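Undergrad: Sequence:
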Amino acid sequence: MSEHLIILPCHGIWKRGPSNGESSDEWYLASFQIQGKDHLCFKEHIQICLDLLKKDPQATLVISGGQTKKEAGPISEALSYYELALRLKPSQYVLERVTTEEFARDSFENVLYSICRFYELHERYPSRITIVGFEFKRDRFINKHLKQALLYQENIEYIGNMPNPVDLNDSERRHYFEDIEKSEHDHAVIHFARDWYGVMPPLSVKKERRNPFNRYHGYALSNPKLSKFFSALSTPKDDETNLKVREKLSQLPWVTQ
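Letter 129 of the sequence shown, counting from 1, is numbered 129 in full-length UniProt numbering, and no numbers are missing.
Think of the hints as simulated: they come from the structure by calculation, not from any bench.
Since we're looking at a predicted model, the values are computed, not measured.
Note that beta-carbon positions come from the ideal geometry of N, C-alpha and C, so glycine has one too.
A few of these clues could be false.
[Unchecked claim] Lysine-lysine pairs mimicking DSBU-like chemistry, simulated, CA-CA at most 30 Å apart:
| hint | residue 1 | residue 2 |
| --- | --- | --- |
| 1 | K70 | K54 |
| 2 | K228 | K182 |
| 3 | K207 | K248 |
| 4 | K244 | K207 |
[Unchecked claim] With beta-carbon atoms standing in for the labels, derived distance ranges:
| hint | residue 1 | residue 2 | range |
| --- | --- | --- | --- |
| 5 | S23 | K54 | 25 to 33 Å |
| 6 | D170 | A30 | 23 to 31 Å |
| 7 | E22 | E181 | 25 to 33 Å |
| 8 | L88 | Q58 | 37 to 45 Å |
| 9 | E96 | N214 | 38 to 46 Å |
| 10 | K244 | R173 | 21 to 29 Å |
| 11 | S19 | D186 | 44 to 52 Å |
| 12 | S250 | E3 | 19 to 27 Å |
| 13 | R173 | E123 | 23 to 31 Å |
Given the sequences, and given the hints that come with them, work out the whole structure.
TA: Here it is in structure tokens:
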């Protein structure tokens with residue numbers, strides 16, 4: 001019986017290729033992802049998750065990421081990661097506990113939709129959550145998404161790594177890491193601190209850009225206990241939206257236990 005959800009938020013799309021993700025040419029990458037060789041972090045995220053599955057027979061891995069890039073065609077981030085995971089040759093014991101979530105457009109949806117996907121598989125919500133990603137995104141995922149927005153307070157863990165801009169000298173590396181911390185704060189953390197669920201600009205606009213194929217999920221139907229929550233996310237927005245939406249979580253098992 002699975003109780004442990006491992007969430008792998010995707011950050012790009014693997015094109016496939018002979019280097020099995022080692023070459024940046026095999027990835028659709030944003031310009032800011034190239035200098036730090038972020039694609040190597042993506043591959044390490046996958047390996048970390050597979051290793052966690054080996055250690056915990058009660059764990060399920062959900063790889064989360066939608067069809068976010070028009071130039072890649074209707075191929076989801078999650079599916080491309082899954083295909084790369086296959087190249088790492090996990091055992092059948094591990095692979096049978098790996099699935100995808102192919103609708104998320106941002107980090108909050110990575111978390112929420114993965115929880116929903118877990119419920120679709122097991123008809124229960126996880127009692128433990130582990131997220132594997134970039135270390136500089138720890139605060140966003142743990143404090144803004146799990147604790148603040150979804151009221152998950154216990155049995156949560158974050159495992160992070162960092163980009164490695166090997167071509168920079170010490171001074172340039174220092175500025176590089178200062179810049180990514182500042183960018184994370186200015187473009188994500190401060191917005192999710194104000195807009196917990198990403199339903200207002202600029203976060204909502206960013207999500208629209210990341211859905212070029214107009215895909216829509218069915219989690220409100222497959223997760224009836226969250227139907228009112230999803231409905232609240234789609235209602236008109238005002239200064240009290242955060243609290244109004246969060247009220248709809250009051251009867252969820254991880255809140256009431």
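Undergrad: Can you let me know if the beta-carbon spacing of D170 and A30 is within 23 to 31 Å?
TA: Since the Cβ atoms of D170 and A30 sit about 25 Å apart, the hinted range of 23 to 31 Å holds.
Undergrad: May I ask you to test the hint 25 to 33 Å on the CB atoms belonging to S23 and K54?
TA: 27 Å, holds
Undergrad: Need the status of pair K228, K182: alpha-carbon distance at most 30 Å?
TA: Violated - the C-alpha atoms of K182 and K228 are around 36 Å apart, more than 30 Å.
Undergrad: Using the beta carbons of K244 and R173, state whether their distance is inside 21 to 29 Å or not.
TA: 44 Å, violated
Undergrad: Holds or violated: 37 to 45 Å for the Cβ distance of L88 and Q58?
TA: 22 Å, violated
Undergrad: Is 25 to 33 Å respected by the C-beta to C-beta distance linking E22 and E181?
TA: 27 Å, holds
Undergrad: Mind checking the hinted window 19 to 27 Å against the Cβ distance between S250 and E3?
TA: 22 Å Cβ-Cβ, so the 19 to 27 Å window holds.
Undergrad: Are K70 and K54 close enough, with their CA atoms no more than 30 Å apart?
TA: The given pair, whose Cα atoms are some 35 Å apart, is violated under the 30 Å limit.
Undergrad: Taking only the CA atoms, is the gap from K244 to K207 under or equal to 30 Å?
TA: 21 Å, holds
Undergrad: Could you say whether the range 23 to 31 Å given as a hint is met by the Cβ separation of R173 and E123?
TA: Violated, at about 48 Å.
Undergrad: Given the hint of 44 to 52 Å, is the C-beta distance from S19 to D186 inside that range or not?
TA: 34 Å, violated
Undergrad: Look at the Cβ atoms of E96 and N214 and judge whether their distance stays inside 38 to 46 Å.
TA: For E96 and N214 the Cβ distance comes to about 32 Å; the hint is violated.
In the structure shown, a violation is registered for the earlier hints numbered 1, 2, 8, 9, 10, 11 and 13, in ascending order.
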